[in-house]
Amino acid sequence: MLALIVFLPLIAFIAILLGAPARKTAIYSAGANLVLGIYAAVMRDCSCLDFSVQVLSKPEINLAFSTDGMSMVLVLLSVIVTLAAVLSGKAPAGRETLYYGSSLLISAGALGAFATTDLFFFYAFHELALIPTFLMIGILGRGERKAIAWKITIYLGLGSIILLVGLVWLANLAGTMHIPSMVENLSGENALDSGTQKSIAALLIVGFGTLVSLFPFHSWAAPAYASAPAPVAMLHAGVLKKFGLYGLLRIAVPMVPEGMQVWLTPVLVLLLANILWVGYVTVSQRRLDLLGNSSVMHMGYIFLAIAALVAFPENTLAKPAAILLMFAHGISIALLFGLADSIERKTGTLDLEELGGLAKAAPKLAFLFGIAGMASIGLPGLANFAGEVLVFLSAFQGYDPTQGLGSVQIACIISIWGVVISAVYMLRAYRNIFQGPAIPRTESAEDLTFMDRIPAVLLTVVLFAVGLYPNLLLNLLR
Amino acid sequence: MNSAWILLFLPLVVAAANQLVLRKHSLVPYLSTASAAASLVISILLLGKEGNAGFDWASIGDFSLRIGIQLDGLSTGMMLVVTGIGTLVHVFSLAYMKDDEACSRYFTGLSLFMFSMTGIVLADNFIMTFIFWELVGVSSYLLIGHWYQKPSAGDAAKKAFLCNRVGDFGFMVGILLLWSLTGSLAFEDMREGMIRFQDANPALFTGLLSTAVLCIFCGAVGKSAQLPLHVWLPDAMEGPTPVSALIHAATMVAAGVYMLFRLQVSLGAELFEGLFASHVIAWIGATTSLAAALMATQQSDIKKILAYSTLSQLGYMVMAVGLVHGEAGMFHLFTHAWFKALLFLGSGAIIYACHHEQDIWKMGGLLKKMPITAITFLIGTAALIAVPFTSGFFSKELILHAAKESNMTLFIIAAAVAVLTPFYMTRLVVIALLGKSRSDHSDHAKEVGPLMWVPLALLAVLAVIAGWLSGIAPAQPAHAGEFHLNALFFISLGALLIGSSVAFILYRGKDRDPVCIALLRELFYVDRFYDNFLVPVFQNTVAAILHFFDELIINGLLVGGLSRGAASIGQVCRAIQSGKLQYYAFAVGLGVILVVYFTVFY
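Taken in order, these protein sequences are the chains called Z and S.
Using my numbering, read the first sequence as starting at 10 and increasing by one per residue.
Using my numbering, read the second sequence as starting at 7 and increasing by one per residue.
With the rest of the complex left out, here is chain Z (with noise of 0.2 Å):
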């Protein structure tokens, strides 16, 4: 079943290669794939979800899928984003099989990295989807796409050979691919000597922080998304991206705990650097790009969890928070992303002081730029809000008022800073390109039609339900 739900997108891509319509093609096995990963969902407990075979037997390496309630979440949100990616945008003519076939590459490699049980397919379903968000920006970018893509070529695949040394220098200690054999490998007398996990847990840092645009290794993340055709920014900053804080919370917590302790205070410096310096690079942005930092920034929150996890491990919020803020964050960028495009495409312009009064023209573009606009502030009702709140918590869990303030409760307060930040930038773009006297530019675009609008409302009905009630997401992971 899990095993499907990774092919399925792959199945399709080789279908459009060989000929199927691509945006047919890709809509109708996305849809399947929706459909398929809400019944895993549902049926999360059973075994035969799960699916292993041996590719190799010295070292043993497994294609294996199987999932937790962590994973299961990551792959809910991939199948959601994907069916939003591939029906919002538009190709360029000609291009459709590189741009849909891409797109469900991009897919398949997150959904099997999320699902797959075995380190070398963690590393190689994650390096699959990077190689067409290469090659998406390259072709179909905006801008300067040719330097644009080579830098993040060149950035991620660094970031992915700090990691790949991490990672192999771990399997070799475990003795084992098999990530939960590993965690038992290495864990309790078993556990690695301090100076290993140090270095370990640093490699890690850097490798999944690159990835996840961990300052100062962000400065990629900003012009690839204002580059990068919109289903690449959907499908990249909603659900690739996460593979960074997964890997974290899957490998580098539960196999190297004492090694992330040692770097605990860096990685609070740098995930406060996230919201606060990236946070007011995003308020001195003049154009809707600034989406792209805005994304970066709040992958420090998830962070901040992750770091409350590390500094305490009998945390019971932390994760649960953390997961909950990757899912609302992915849903949420991939709707502004989406609606940044339409906005693109109706007006010809991202440039915030060339927009001004588009709701009179496209109310129905407002209305949902809107919610999305307010679910990244962490408005309560819209899912983002309910994971922020339980981070915020979770950096308090266990914490004891007599011991005056940990380094983990000023930086939580800190952080919370940057909800008025995020504010500041969100409700002025919003007032620039909606608000005001309707302009020549604007007066006469058309609003979202009945297409444009199936991916926005899906993304939204979900940050409705999940932040409305967050049980329905947070039962998944008991």
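If a hint is listed, it holds; no wrong ones were tucked in.
No more than 30 Å apart at the CA atoms, straight line, and that leaves these computed lysine-lysine pairs for DSSO-like: (1) Lys373/Z <-> Lys355/Z; (2) Lys442/S <-> Lys374/S; (3) Lys33/Z <-> Lys99/Z; (4) Lys104/S <-> Lys368/S; (5) Lys369/Z <-> Lys104/S; (6) Lys30/S <-> Lys369/Z; (7) Lys156/S <-> Lys373/Z; (8) Lys355/Z <-> Lys30/S; (9) Lys373/Z <-> Lys30/S; (10) Lys442/S <-> Lys368/S; (11) Lys373/Z <-> Lys104/S; (12) Lys355/Z <-> Lys156/S.
Hint data in this document are derived by calculation from the structure and do not stem from the laboratory.
With chain Z held as given, fit chain S onto it using these hints.
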């Protein structure tokens, strides 16, 4: 209990139905109004009921965030205010907004607001308060920005939201601190946890409690527009006037006071006696009330005068909470809600009749042209300036009494405000309602229709009698509605007479303002300081500098160097290979996979 759940969710269902199903149907205003009226009926039935019920909203293991309803005198009394004024404002809006092309969006916003405000009032824990706290913020944002095509409306909406967010930063931190002190987020269990903590750590207790309370107070400073975050409320007058009456005078802005009082009651008032945080709260309230009253004396926009007056009266309430006489503050909240809603709706009727003229210097003689509106406006004014035996008189006496008992300086400030209030209100009345008309707009003003004047008349009745209704008020201070011929009575009567007679003499028959105090017209230069210094320097400049460094160091030197290096390698490769990016990307991926394979294999 079931009816309480209906009370909470009915407006949400109506808002959703309006937005998703009815859209621009002409039924929308009536559906919203009917739901507000139904809420009022439920609120009346719930008076005096007590109970608690809830469900888990977000649970992880043993921990759970709840949506729960707390029914007690405080919440049911407050619901009466919210739904009572809410219903009248809905009815008034039926007439006021009937020609607006976005009438349905307006009523949907009102229903969303009713939902959010109900949630704040009924909440049984702090996270739920925070959730609905943010939701009233967004409904207020939507309604202030109702005429979003006016640049000033969009700006005002944004400003209101951001000022509130600044306050909510502190609020969230305060909730987290309080959680770590008491081990609970539910109002019911907080006291127990707090006492346990006090017994275990007597030395640290007051300092930590003070810190937590001050952080939480930040939330109230934002929502109730206290100094230094008061700047959003006068700007919020860009919204339609009934919204100003409901949200920015009677209910939402009072939520800060309600929340503080709820906290005080939950933890036990005695813990707040002599607490440093209480002094800060009292002083901020007193300063706000004085500064806002001074600013009100020099305004010429009728709504702005009322807005500064609201700030000033909210300052009174906050001061009372800081003096640990929260019941007095809550009682003033109760009476103020009726008469200030009356004044705002009255100003709405005047603005409507004068073709959206808001400058009092272009009005005049309205008493003759629209007598019902003008007389109800005069009744509201009488209550606000505390004419004896009106509702405002009784509640203000309680606050002055509390100040007199506790702190002489605060009492003098409060008494000064009691002089200024009749001054600026008499000025408003003399210029706008009496004398002769000063413009065509006011010359052609006609009395408004019954959909507008009936709510005014009902509010006028309540503005007079609310002082005797302490039985249904959210809090029942001792001696509410009692009259004593003591020194305090003569002080407040003197204040009333001095303030109103000076204004009457000064402004009678004048066509332009004979007094011009730049400091007050410029609002103590606070807004200018924010607009020209604080925001440009601490936000924009910091942002620009960081942006510059982000580009320069991280992008230009560190990574740029790296990628230039790699690009030159790429140049070399290009000579050998085809130089196509896709091959490069593919090679990276393949190479990496091979590396992992061989590293492990050998």
